[in-house]
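Spelled out from the first residue to the last, the chains are:
Number of protein chains: 2
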Amino acid sequence: MTLAPQALRQLVGTIFEKHGMGAEHASVTADVLVWADLRGMGTHGVMRTTQYVNLMRKGDLNPRPQMKTSADGVIDADRAAGPIAMTYAASVACERAKGSGIGLALVKDTTHTAALGYYTQAAARQGFAALALAASSPLMAYHGTRAAGVSTAPLSIAVPGEEEPLALDMSSSMISMGALAQARRSGKTLPEGVVLASDGTPTTDPKLASVPLPLGGAKGSGLAFMFECLASFLTSNPILAEALEKTPASRRHKQNAVVIAIDVARFVPHEVFRREVARLAKNLRRLPGEDILMPGERGSRNAARQRDAVTISPQVYEELKAL
Amino acid sequence: MTLAPQALRQLVGTIFEKHGMGAEHASVTADVLVWADLRGMGTHGVMRTTQYVNLMRKGDLNPRPQMKTSADGVIDADRAAGPIAMTYAASVACERAKGSGIGLALVKDTTHTAALGYYTQAAARQGFAALALAASSPLMAYHGTRAAGVSTAPLSIAVPGEEEPLALDMSSSMISMGALAQARRSGKTLPEGVVLASDGTPTTDPKLASVPLPLGGAKGSGLAFMFECLASFLTSNPILAEALEKTPASRRHKQNAVVIAIDVARFVPHEVFRREVARLAKNLRRLPGEDILMPGERGSRNAARQRDAVTISPQVYEELKAL
Numbered sequence: 001m002t003l004a005p006q007a008l009r010q011l012v013g014t015i016f017e018k019h020g021m022g023a024e025h026a027s028v029t030a031d032v033l034v035w036a037d038l039r040g041m042g043t044h045g046v047m048r049t050t051q052y053v054n055l056m057r058k059g060d061l062n063p064r065p066q067m068k069t070s071a072d073g074v075i076d077a078d079r080a081a082g083p084i085a086m087t088y089a090a091s092v093a094c095e096r097a098k099g100s101g102i103g104l105a106l107v108k109d110t111t112h113t114a115a116l117g118y119y120t121q122a123a124a125r126q127g128f129a130a131l132a133l134a135a136s137s138p139l140m141a142y143h144g145t146r147a148a149g150v151s152t153a154p155l156s157i158a159v160p161g162e163e164e165p166l167a168l169d170m171s172s173s174m175i176s177m178g179a180l181a182q183a184r185r186s187g188k189t190l191p192e193g194v195v196l197a198s199d200g201t202p203t204t205d206p207k208l209a210s211v212p213l214p215l216g217g218a219k220g221s222g223l224a225f226m227f228e229c230l231a232s233f234l235t236s237n238p239i240l241a242e243a244l245e246k247t248p249a250s251r252r253h254k255q256n257a258v259v260i261a262i263d264v265a266r267f268v269p270h271e272v273f274r275r276e277v278a279r280l281a282k283n284l285r286r287l288p289g290e291d292i293l294m295p296g297e298r299g300s301r302n303a304a305r306q307r308d309a310v311t312i313s314p315q316v317y318e319e320l321k322a323l
Numbered sequence: 001m002t003l004a005p006q007a008l009r010q011l012v013g014t015i016f017e018k019h020g021m022g023a024e025h026a027s028v029t030a031d032v033l034v035w036a037d038l039r040g041m042g043t044h045g046v047m048r049t050t051q052y053v054n055l056m057r058k059g060d061l062n063p064r065p066q067m068k069t070s071a072d073g074v075i076d077a078d079r080a081a082g083p084i085a086m087t088y089a090a091s092v093a094c095e096r097a098k099g100s101g102i103g104l105a106l107v108k109d110t111t112h113t114a115a116l117g118y119y120t121q122a123a124a125r126q127g128f129a130a131l132a133l134a135a136s137s138p139l140m141a142y143h144g145t146r147a148a149g150v151s152t153a154p155l156s157i158a159v160p161g162e163e164e165p166l167a168l169d170m171s172s173s174m175i176s177m178g179a180l181a182q183a184r185r186s187g188k189t190l191p192e193g194v195v196l197a198s199d200g201t202p203t204t205d206p207k208l209a210s211v212p213l214p215l216g217g218a219k220g221s222g223l224a225f226m227f228e229c230l231a232s233f234l235t236s237n238p239i240l241a242e243a244l245e246k247t248p249a250s251r252r253h254k255q256n257a258v259v260i261a262i263d264v265a266r267f268v269p270h271e272v273f274r275r276e277v278a279r280l281a282k283n284l285r286r287l288p289g290e291d292i293l294m295p296g297e298r299g300s301r302n303a304a305r306q307r308d309a310v311t312i313s314p315q316v317y318e319e320l321k322a323l
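Keeping their order, the protein sequence lines are chains A and H.
If you count the first sequence from 1, position 89 lands on 89 in this note's numbering, and the numbers rise without skipping.
If you count the second sequence from 1, position 288 lands on 288 in this note's numbering, and the numbers rise without skipping.
If you're looking for bench data, these hints aren't it; they were derived computationally from the structure.
Think of the CB as a built atom: it goes at the ideal place given N, C-alpha and C, for glycine as much as any other residue.
You may find that some hints are simply not true.
[What the hints assert, rightly or not] Each computed DSBU-like pair below joins lysine-lysine, with the alpha-carbon atoms no more than 30 Å apart:
#1 H:K321 - H:K18
#2 A:K98 - H:K98
#3 A:K68 - H:K98
#4 H:K58 - H:K18
[Stated by the list, open to error] Which residues of chain A face chain H? A partial, calculated answer using Cβ under 8 Å:
#5 T145
#6 R146
#7 A147
#8 G216
#9 G217
#10 L244
#11 G289
#12 Y317
#13 E319
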């Protein structure tokens, strides 16, 4: 079914307010989720509303966080919703980049970070090149093991483009948890080599599929290892070891993140940077091939197409109405 | 055949000196190449000596570079050998990180960067978390195309470990150019979906294999796109578009690079960071599996094993003697 994006934002925002969020936080969180639906990333869209509400009910997500930022750019997010902590972190990283050309924000103790591209693209729209990565609980197999040991290690890099920013938004797994859930619903057989069953054996059966394998073996799980080091160890808030040791603290949902911004104008005029991005895109589109898209282009096209009417599943809409 | 690493360093250093490098530059460049052989990355080892000498003969690699660094950390490498520009860039990034916690060095106009792990590990040994990436000429297919459009986009991330740094060192392609060359020599059939023939058709025949496919499709080529934006556009030194447009400037071999360093001690005491790295490694090694290695561990083991005698191919040794 389809809704006006603004109506969907209001519906989701009202739900978050009803569960204790202030009006501004509710509005930002709803905007980040609807943005993902608009761009065709439904797995990071308003279908997450129920999860966020459940996290608030359990006390894992704090609807009224008191975020604190250290002199070095470490944001203690006080269990804020990911969209709240991450939009703030992107602004902190950009502000800090105005000093030396590069700015770092470390996010400690947020919850589900939602679509990282939202934050990197926000920075890119203001003239920064931005990188965001997040650390979360063990979901993906570490290379060489047959069990979930690391997170799926999402990464986004965005740069200013001619009109819209160009943005890479990827996980470090062979298949995302969202695509896995979708295969489960549709019953479609999975390709070989992308997922393990919960007993650690390789499978193509979506009903048995449980643990995604890392992209490129040691590459994907190496990225996940490093993201935990950067996001969690620098903030003194380890996630993976706590979960693997099953400590009491690990029962609580939490994520950490890193945002790095580079102030493009310190190095090259904006128009020159944007012109070179467009020039590279033009050259790549000229190569022999079909459906040649630049990073983030599919999402931008989806967002343009859905500007007046965004599609969500009837089941998700029923969930939202019930909330 | 095997040689004492120091003898190999001297042999290679002497070759570089003979072709015009100063003694210190020759020694550093030789050390970076021998380091790769020690760690079992022969494709980035002393087999590159001939290529470096040829680049010097053509004038693409300047044996006596006058490197200049801007106030914002942009290093004009003056076509220095990659190891010279990159070791310097790592030290600049670390020095700059002492200011705000994070430091950026951009490298403009160097040549083959060699093994990026050398530079990130050097930074990690001094207590920094470091990331290095490089931009070079079109070698890998851009997702959706059937031709080389982007570089294989090497990336390294290293962090301080208990003894040796832990370090990820990867390309963003399904198969490295080195592994491709090796398959060509051995005649071994390649897996499906990793490489194209020069006419753009998929192949498993090592004799026809020419253009590696990007890791994870749009993910690998998206990384390569972004590395060009960061390393080449911020330094006003585009490589890919110049090569795809076959401009006269593109006939000259060149690379650009980015090094980012984070001063760990600004955020957490070194011993705490190292303890958490070791704790995560211990937990991952305990998971069910075989041959469970941490990032860079195989390389560190190779280096320990080869400490007194490094193996290189007889053919490479003959080449070195001839030079």
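Report task. Enumerate the violated hints, using their earlier numbering and listing them in ascending order. Result -> Numbers 9, 12 and 13 - these are the hints that the structure violates, sorted from lowest upward.
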